[in-house]
Amino acid sequence: MAHQLNVFLADRPGRLERLTAVLAERGINIRAITIAGSEGYGVAKLLVDRPEEAQEALHREGFSVHLKDVLAVVMDDRPGGLHAVCAALGKKGVNIEDAYGFVVKDRELAVLVMEVEREPEAEGILREAGFSIMGDQELYGL
Amino acid sequence: MRDEKDGFWNPEVELMGAEDIRRLQLERLKGVLQRCKNSPFYRRWFRDAGFDPDAVRTLEDLRSLPPMDKDTLRSVEPWEFLTVPREDIVRMHSSSGTTGRATVIFHTWKDIQAWTELGARCLYMTGVRRSDVFQNMMGYGLFTGGLGFHYAAERLGAMVIPSGSGNSKRQIYLMREFGTTVIHVIPSYALYLLDVFREMGLDPRRDTRLRIALVGAEPHTESLRRRLEEAYGFKAYNSYGLSEMSGPGVAFECPFQEGMHVWEDAFILEVLDPRTLEPVPEGEEGELVFTTLHREGMPLLRYRTRDLAFVYPGRCRCGREHRRISRIKGRSDDMFIVKGVNIFPMQVEKVLLETVGVGTNYQIVLDMVGSREEMRVRVEVTDEIWHGDVRELQSLQKRITAALRDEILVTPIVELVEPGSLPKGEGKAVRVVDRRVDLGGE
Numbered sequence: 001m002a003h004q005l006n007v008f009l010a011d012r013p014g015r016l017e018r019l020t021a022v023l024a025e026r027g028i029n030i031r032a033i034t035i036a037g038s039e040g041y042g043v044a045k046l047l048v049d050r051p052e053e054a055q056e057a058l059h060r061e062g063f064s065v066h067l068k069d070v071l072a073v074v075m076d077d078r079p080g081g082l083h084a085v086c087a088a089l090g091k092k093g094v095n096i097e098d099a100y101g102f103v104v105k106d107r108e109l110a111v112l113v114m115e116v117e118r119e120p121e122a123e124g125i126l127r128e129a130g131f132s133i134m135g136d137q138e139l140y141g142l
Numbered sequence: 001m002r003d004e005k006d007g008f009w010n011p012e013v014e015l016m017g018a019e020d021i022r023r024l025q026l027e028r029l030k031g032v033l034q035r036c037k038n039s040p041f042y043r044r045w046f047r048d049a050g051f052d053p054d055a056v057r058t059l060e061d062l063r064s065l066p067p068m069d070k071d072t073l074r075s076v077e078p079w080e081f082l083t084v085p086r087e088d089i090v091r092m093h094s095s096s097g098t099t100g101r102a103t104v105i106f107h108t109w110k111d112i113q114a115w116t117e118l119g120a121r122c123l124y125m126t127g128v129r130r131s132d133v134f135q136n137m138m139g140y141g142l143f144t145g146g147l148g149f150h151y152a153a154e155r156l157g158a159m160v161i162p163s164g165s166g167n168s169k170r171q172i173y174l175m176r177e178f179g180t181t182v183i184h185v186i187p188s189y190a191l192y193l194l195d196v197f198r199e200m201g202l203d204p205r206r207d208t209r210l211r212i213a214l215v216g217a218e219p220h221t222e223s224l225r226r227r228l229e230e231a232y233g234f235k236a237y238n239s240y241g242l243s244e245m246s247g248p249g250v251a252f253e254c255p256f257q258e259g260m261h262v263w264e265d266a267f268i269l270e271v272l273d274p275r276t277l278e279p280v281p282e283g284e285e286g287e288l289v290f291t292t293l294h295r296e297g298m299p300l301l302r303y304r305t306r307d308l309a310f311v312y313p314g315r316c317r318c319g320r321e322h323r324r325i326s327r328i329k330g331r332s333d334d335m336f337i338v339k340g341v342n343i344f345p346m347q348v349e350k351v352l353l354e355t356v357g358v359g360t361n362y363q364i365v366l367d368m369v370g371s372r373e374e375m376r377v378r379v380e381v382t383d384e385i386w387h388g389d390v391r392e393l394q395s396l397q398k399r400i401t402a403a404l405r406d407e408i409l410v411t412p413i414v415e416l417v418e419p420g421s422l423p424k425g426e427g428k429a430v431r432v433v434d435r436r437v438d439l440g441g442e
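First to last, the protein sequences are chains A and B. Everything in the first sequence is counted per our numbering, starting at 1 for the first residue and increasing by one. Everything in the second sequence is counted per our numbering, starting at 1 for the first residue and increasing by one.
Accuracy of the hints is not assured; some may be wrong.
Claimed, not checked - Calculated pairs, SDA-like style, for lysine to any residue (alpha carbon to alpha carbon, straight line, at most 25 Å):
id: 1; chain 1: B; residue 1: K398; chain 2: A; residue 2: G40
id: 2; chain 1: B; residue 1: K169; chain 2: A; residue 2: H59
id: 3; chain 1: A; residue 1: K68; chain 2: B; residue 2: Y192
id: 4; chain 1: A; residue 1: K68; chain 2: B; residue 2: H387
id: 5; chain 1: B; residue 1: K398; chain 2: A; residue 2: D11
Claimed, not checked - Over 12 Å on every C-beta distance to chain B, these chain A residues come out as not near it, computed from the model:
id: 6; residue: G40
id: 7; residue: K68
id: 8; residue: A87
id: 9; residue: G124
id: 10; residue: Y140
Since the hints were derived computationally from the structure, they do not count as laboratory data. Quick reminder that beta carbons are idealized off the backbone N, C-alpha and C, glycines included.
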């Protein structure tokens, strides 16, 4: 199972700077990042190459940080690629709680990283529909 | 041997009538006042107040002596309080002392024995017996919570597991391995431990033999107590004590759980209006003021606790006439006023504990926005109260806001902040930042 880091951030200047500094100092590479902001605070979600080490480092720096299970689905980088994934899950009534995608190889390969409910079931559904799910090492090493 | 059926550790004292208690108090008070003449501090204190210890004829006569407080303790060398030679002291305990000089209490061997006896009385009252296994999950050391009841439980004859605080998995392992039946714990930790039980796939009702919990050292609500009782399947008894009065064992709940009996053979209790220092009528809230009657090394006379509570009117169904105090409402020196409502930081603390499940660091900021007062409550989002979800934070914010509004009748702005970003420590100075005055200046 692949993991991403969910980090609580106060909405004030310099916090993201501190977070990225902690990772940079340890030579941890960020594969993808997304930040969801709300009133006065935000949650940064990071896909990194060494998530456990990153979590420990951030924790030591006083950040509130959690490792979350994510499902990384390989998609074709072409129109309708994302739709195919969503359709497979939607048909079986699986809800995607949060997701972000990125292109690995232009016009060829993209990855959708999702937090879903009923994780093992969702994985089964996608495999059955012919999608490949990336293993953790494969994902971190992209 | 003591009769296990009657439920009283010391029936003669515990079942004393109110009149007899007053008589005993007066007799002991006279002894304490004589003893105080040996103390350099008290000689000065009496002289400055124009108080003649030999002229005390009634308990009311004590009221001509001014009350003392933490500042009084800090104002002199602690040795000056002693009524015995230094070499008679066998132990000291001390408050956390994060602000100013730490307050120190010295104990003689007899003081420790008397304190232990009171603790045993409390434990026995709640149903703890020789056959019990007592896991003491309180901090050992300068803090009085651990050692106080450690010896009390041994005195009673229970088996003590001195597990101390922290290390949750080991606590649960000990409970299961040695069949713990009684725990002494702070309420927020008991609540937190439920999560650990769940993570380990265990249910405390099914997988432990717990039947009694003694909860103290932290403010908590009645509903939190009920929640713990429900989840663990034990009966939880509220405890009151403070290091200046030796520690836990000053007042304790009986099986009826309606207020905590103050052991009036050991303490004189006064409930005073914190401003006028006059007694409040029974049933009305005031500051608890205690005089020690059984401590020889370092007696304290009319010590202001700053804790606000009321005395339950009427007699308790258990038959004890030692008066009962309510849960502590707040601290008299911590109160602040927003939109005409009296508010205590402790109320905010209780709400946070209740809604997020663990004690967390917080700060209250008061501002003037135009002519409107604004109250902001900053809460640190630690790993323990947040599990990584965005929506969880929104719901957390909403729940805290609603619960605070219900408790303090003012709707605050709840701000979620990062762990470690708020100043740590106790007392109003750190917890409440009042910027209303500064902004209204010239």
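>> Taking the earlier hints as the rules, which of them does this structure contradict?
In response: 6 and 7
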